[in-house]
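Undergrad: Here is what each chain is made of, one letter per residue.
2 protein chains.
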Amino acid sequence: MILHGFWRSSASWRVRIALGLKGLDWSDRTYRLRAGEQRSDAYLALNPQGLVPALEVDGAVLTQSLAICEYLDELYPDPPLLPSDPLERAWVRGFAQAIACDIHPIQNLKILRMLGQRGLDEDAVQGWAREVIESGLEACSRLIVDRDGPYCFGDQVTLADIVLIPQLGNARRFGARIDFPRIAEVEAACNALPAFAAATPARQPDAE
Amino acid sequence: MILHGFWRSSASWRVRIALGLKGLDWSDRTYRLRAGEQRSDAYLALNPQGLVPALEVDGAVLTQSLAICEYLDELYPDPPLLPSDPLERAWVRGFAQAIACDIHPIQNLKILRMLGQRGLDEDAVQGWAREVIESGLEACSRLIVDRDGPYCFGDQVTLADIVLIPQLGNARRFGARIDFPRIAEVEAACNALPAFAAATPARQPDAE
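If you're matching them up, the sequences are chains A and B in order.
Those letters in the first sequence? Residues -3 to 204, by the numbering used here.
Those letters in the second sequence? Residues -3 to 204, by the numbering used here.
Each hint should be verified, as a subset may be incorrect.
Distance condition first, Cα-Cα at most 16 Å in a straight line; then the derived EDC-like pairs of lysine to aspartate or glutamate [claimed, not checked]: (1) A/K18 x A/D74; (2) B/K18 x B/D69; (3) A/K18 x A/E70; (4) B/K106 x B/E33; (5) B/K106 x A/E130; (6) A/K106 x B/E127; (7) B/K18 x B/D74; (8) B/K106 x A/E127; (9) A/K106 x A/E118; (10) B/K18 x B/E70; (11) A/K18 x A/D69; (12) A/K106 x B/E130.
Note that these hints are calculated values from the structure, not bench results.
Predicted model, so just to flag it, every value in this text is computed and none were measured.
Input sequences plus hints: build the corresponding full structure.
TA: Structure (structure tokens):
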């Protein structure tokens, strides 16, 4: 498998965690997003969205990090990334999507650049990212506040944790407030796991 | 089941299609989003994100439209909303997420309001929505251009179609270009199905 990604991309980071949890081997192909390498003709032929990550598996190309994680979970079910009960699965997926749909895309590089093109200065752009992340994580913390830990949904890592941890990385990068006790508990538990530790941006080959 | 939604919300629209395809009955509870009813304490207790839709099932609350659709598909597998092959499932989910993560949230009411608060005038805000929708749908059309129709992924309706059709509604509302032949083929095929016809915004009880 070839993971087309970028060290600091939180969507790539999610896939790295999932690959690690499943104990899979992969090779990296990295793109300097700020230089626009993800919009080259060669990459657009792989992923017309011009976004990382993409996962190549035996010549087939998969895009969208959550779809990739679910694919890995279906092919390599141990350890599972989703609970077995349909209602619990829906809660885990809903939490993951609350970040993957309603926080991350609204603070990613592409959107922040569009804001700059509309005349927002750097402070305003950073403030936009902080507002989106803080209000989003506050809602996410409420989704799991009454649940037992140490992970988002109990004593097993799920897709929810895989999406939360990279978003906390983004939160710190933009100086967003992340003092939610339940989220801190999840982060501490995840950080103790080798798959999460190995997937952090600083440990990637293209880290700056 | 109670669907908490709004006639014009494309995420609510997705869930209505899925409920209809499965032949399920539900009751509607509607929120006037422009009046902020989705941010009432009562609704935030149901969904801390303050977004529609939410689906109440026997007192449990599910959020995020794609998670709700997958829940319905797991509980009521006929007709299936995803192919049986893991790679095909990943492609369908990836396409759905290309819209649900990278188009819709960036042009929804909440974000357009944030842009207005940052000083963009109405023309600029509408232009933002058009740009996001046009570039997003162009990428989506490339994801399915080489696939047999009439639906996004062959001769069976999938989650991809459920997400695409409401996004085309948004596209028209903002005057975005949608002249992609493959997408037009999908739309014509879906519009011929009763579940899609019944789910359109104009046919909802709260339509203005």
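Undergrad: All hints, please: hold or fail.
TA: Okay, the hints, checked on the actual structure:
no. : hint            : in the structure
1   : A/K18 x A/D74   : 7 Å, holds
2   : B/K18 x B/D69   : 8 Å, holds
3   : A/K18 x A/E70   : 11 Å, holds
4   : B/K106 x B/E33  : 13 Å, holds
5   : B/K106 x A/E130 : 15 Å, holds
6   : A/K106 x B/E127 : 12 Å, holds
7   : B/K18 x B/D74   : 7 Å, holds
8   : B/K106 x A/E127 : 12 Å, holds
9   : A/K106 x A/E118 : 14 Å, holds
10  : B/K18 x B/E70   : 11 Å, holds
11  : A/K18 x A/D69   : 8 Å, holds
12  : A/K106 x B/E130 : 15 Å, holds
Comparing the model with each earlier hint shows no violations; every hint is respected.
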